[in-house]
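> Note that the protein sequences, when read in sequence, are chains A and B.
For the first sequence, our numbering assigns the number 1 to the initial residue and increments by one for each residue that follows.
For the second sequence, our numbering assigns the number 1 to the initial residue and increments by one for each residue that follows.
Please keep in mind that the hints were generated in silico from the structure rather than gathered at the bench.
Be aware that a few hints might be false.
With a straight-line cut-off of 30 Å between C-alpha atoms, the simulated DSSO-like cross-links for lysine-lysine are [as the list claims (entries may be wrong)]:
1) 394(A) to 407(A)
2) 93(A) to 393(B)
3) 363(B) to 93(A)
4) 3(B) to 454(B)
5) 100(B) to 93(A)
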Amino acid sequence: MTKTIKSKNSSVSEFEAVIGLEVHAELETKSKMFCACPVVDHNLVEPNTAVCPVCSGMPGVLPVVNQRAVEYALRVALALECEIAPVSIFARKNYFYPDLPKGYQISQYEQPLAVNGRLTILTSQGERHIPVRRVHLEEDTGKLTHVEGDEERYSLIDLNRAGIPLLEIVSEPELHSAEEVRAFAVALRSLLLYLGVNTGDMQKGVLRIEPNVSVRPAGSSEFGTRTEIKNLNSFRALEKSVGYEIQRQIKLNRQGKQVVQETMGWDEAVEETIPQRSKEEAHDYRYFPEPDLPPLVIEKGWIERVQSSLPELPLVKLRRFQEQYGLSAGDAGMLTANPAVADYFEGTANAATGLTAKSAANWITVEIFAFMNQAGVGIEDIEVEPQQLAALIKMVNNGEINQNTAKTVLVEMLQTGETAESIVEKRSLRQISDSGYIAELVKRVLEENPEQVATYLKGKQGLSGWFFGQVMRAAKGKADPQIVKQELERQLGEMDQ
Amino acid sequence: MPKLVELTLSQIIAGLQKGDFSSSELTQAFLARIDRLESQLHAYITLTPDLALAQAEHADQQFAAWRVDSNVPLPPLSGVPIAVKDVLCVAGVRCTCGSKILEDFVPPYNATSVERLLESGMVILGKTNTDEFAMGSSTENSAFGTTHNPWDIRRVPGGSSGGSAAAVAACLAPVALGTDTGGSVRQPASFCGVTGIKPTYGRVSRYGLIAFGSSLDVVGVLGHDVVDAAYIYKLIAGHDQLDSTSADRPIPDFELLDSSRGSLSGFRIGVPDEYFIPGMQPEVETAVREALREFENLGAEVMPVSLSHTEHALPVYYLIAPAEASANLARYDGIRYGPRVQSDRMWDIYSRTRGDKFGSEVKRRIMLGTYALSTGYYDAYYGQAQKVRTLIKNDFDQAFENVDLIAAPVTPTTAFFIGEHLDDPLAMYLEDALTIPASLAGVPAISFPVGFDKQGLPIGMQLMGPQFGEEILFQTTHTFQLATNWHLSKPKL
Ligand SMILES: [Zn+2]
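Input sequences plus hints: build the corresponding full structure.
As structure tokens, this is what we get:
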């Protein structure tokens, strides 16, 4: 055991991992990047129904830039603190593949929309600013489905996705651990959600994160040979695959073997990166300026308008939550990762006076999150409005119901959409705070259990919890636990004398 | 009264309005002549008689209603026939680009230029022959056979809009749309003795023009005279939201029919020495110099002007146009439309389909362009070509500080024999040496007849104007044509 820890430590100090990320985020505009076709969820919609001559690459048609997509891209670039190019150039990226209708992708190459940004990440080591090299606009490709039957093999093409606006965000290779990679991805996803440009769904492929990983001797400034990992559909896969790849490359280095520059996939089942058979030979994309589109000119006024319309961004909100509501960094982080959750929290915390923000945070991060995970829904889908949650918490604070009852009530609220008030009324769950009645119950429990009382009095203080449980059971869970505790203490104390 | 098929547009418009003849009669006259001469000339790839007659009948109904009540709206060119080069999409009519790879391609949309013809009430006779993807100067590169020059059917009509030029020259259409990337309207206009306008780049929408060299492609018009060409130009020019490179600026309102200004006094015409290249057929130079004297007689001042980078235009063009073409033609892969040569392996589908269905000139240019854009060569070829293109543009800008127009021959020779240059691509490329500079600079140019050589073949001259200076080109050419008869000669068929 000691030995493995030691070797792991030495690997950390001996080698440094160098990781850069290339992120593709679909922009959730109404129409596609260069035509009027609607942007649809290509996982749900009948194939090839959101397609026109432009996005299917028919002869003679021409692209027209979707200004809304440019605006979305500007939002992201500005939120990443990039320099916006007053003039950027669309370019053709040439390669043949059946999912690429024109035989080239309209992208940006030499003069991208934005450069030199940064994204702040939070890890166990603290806060770091990761430089962002560039942000540019392009169009998505279609989607291929390979069918392998007994008799025949063929591929089907769905062009619904072809031409959806795609934002490419490239970080500098300045991430050094799987944890940092995950933190970058989390922070970026959160940013995209806040800006309302992307749903952040990695599973559906609307957000695709491709790390390139290399290792080098610690202290070296040269880069090692890098590998790229593709087709990662969760943060977990991203973090695990990068961790695995770092260790694999370190091992190769130790053995004096070469790292091969290649594209890797991630095998979820065995948790290993595996070389992917490359689609084709090494590409020469033969980029050149797209002659069908004039240079993209971004006026200063446009930048200013977008800048001033940016919402409060995740990190700022996180800091504010800590300060304004006295939340821990952990709670604030959980509540601000998704803007809808943050709004929900603030709605709850501000719904009623006398409600502690801390209790609102707890109810949301524990009970509501548990329900969302179990039901597989987002916070915008749940039936309980923030005011209703606040009302429930207030009932607990006022001693009308106790904590445990409240949890049961919340589950019912989430399932039925009914208010806490009406559930408590209907099920007569209101807490009993009548100290005389509770004193009666305590007295009865102590009388009915003389042996336990004797044991307790001999010094087994641990039994107080058992007595508490018996009293609560007798009260059908509705007794005010605070009063029960006090009464138990008092009566047992009297017996002790 | 000349025959119906020989009428100019203004005569046709007047005749239709007066009721001298109906659109159906006119259309039938053209279809009959096509029927008689197409086997010799092969100006068309696809004829659309049913569509044409239906459009003509519709126009006749509109005329009938209009005669009863002159408040009934009558589109400006109701019932007037036209031919369209087969690289411009007409919804529902196959558009081949002269290529096997689009042999059965039927576009579901109209090119914007075609849309504007249809809105104006025009009748589409058919789709005219072209070199494959407009790559060529003779129509010999068409996958559907060569068009023959109406003045001598052993000779080429020029290209790539050779079908349109031959159709107008032979009166198989009163007027036609063409496209010009490096001279493809002007050179065939010159070879066939008709008037052809290549507008400023961006003046006419390219939407629905099947791309060859996107930064050079322009939709143009070929007609019996400049009035006809200008008429159609005015119809199709103007901004189009579907083409981001189309210019958003108004078209000057000009009226040529009434503006028979007899004098060109005050006009300065520059003549670049660089355009009288070695090997030029002497009769061509003589005819152009004669025409310049005529311009002087009409009051213009003719003076030398220098376009010093002219000799670089040809190599620059043969880097830029093929580079753009190599990307533009990548979509013809047999995957979504067009013929497919089947195979078990994906890459074989690509290479076999493209290998089988593209002609050799198209393949040559795709390879040229692919090479020019490749890593390690880009800077030396495509990048360098773009820089020199800027110098060529600057040449024109500077020249137009001193002159209103630049005059030059269109081609070094008159129409050559079919097959004469077929094995010599370089000789074929030289055909465009004098038309390419205006294409690279994006300036408008017009080609019109100024004489005949000893074989009786037409000789053309071009006037080049500053950006968006079409109006000056039209006015000047019109004044010349009012004073001369070259444009009135017709081939004997
Ligand atoms: Zn579309």
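> Which of the numbered hints are not met once you compare them with the structure shown?
Violated hints: none at all, because every hint is consistent with the structure.
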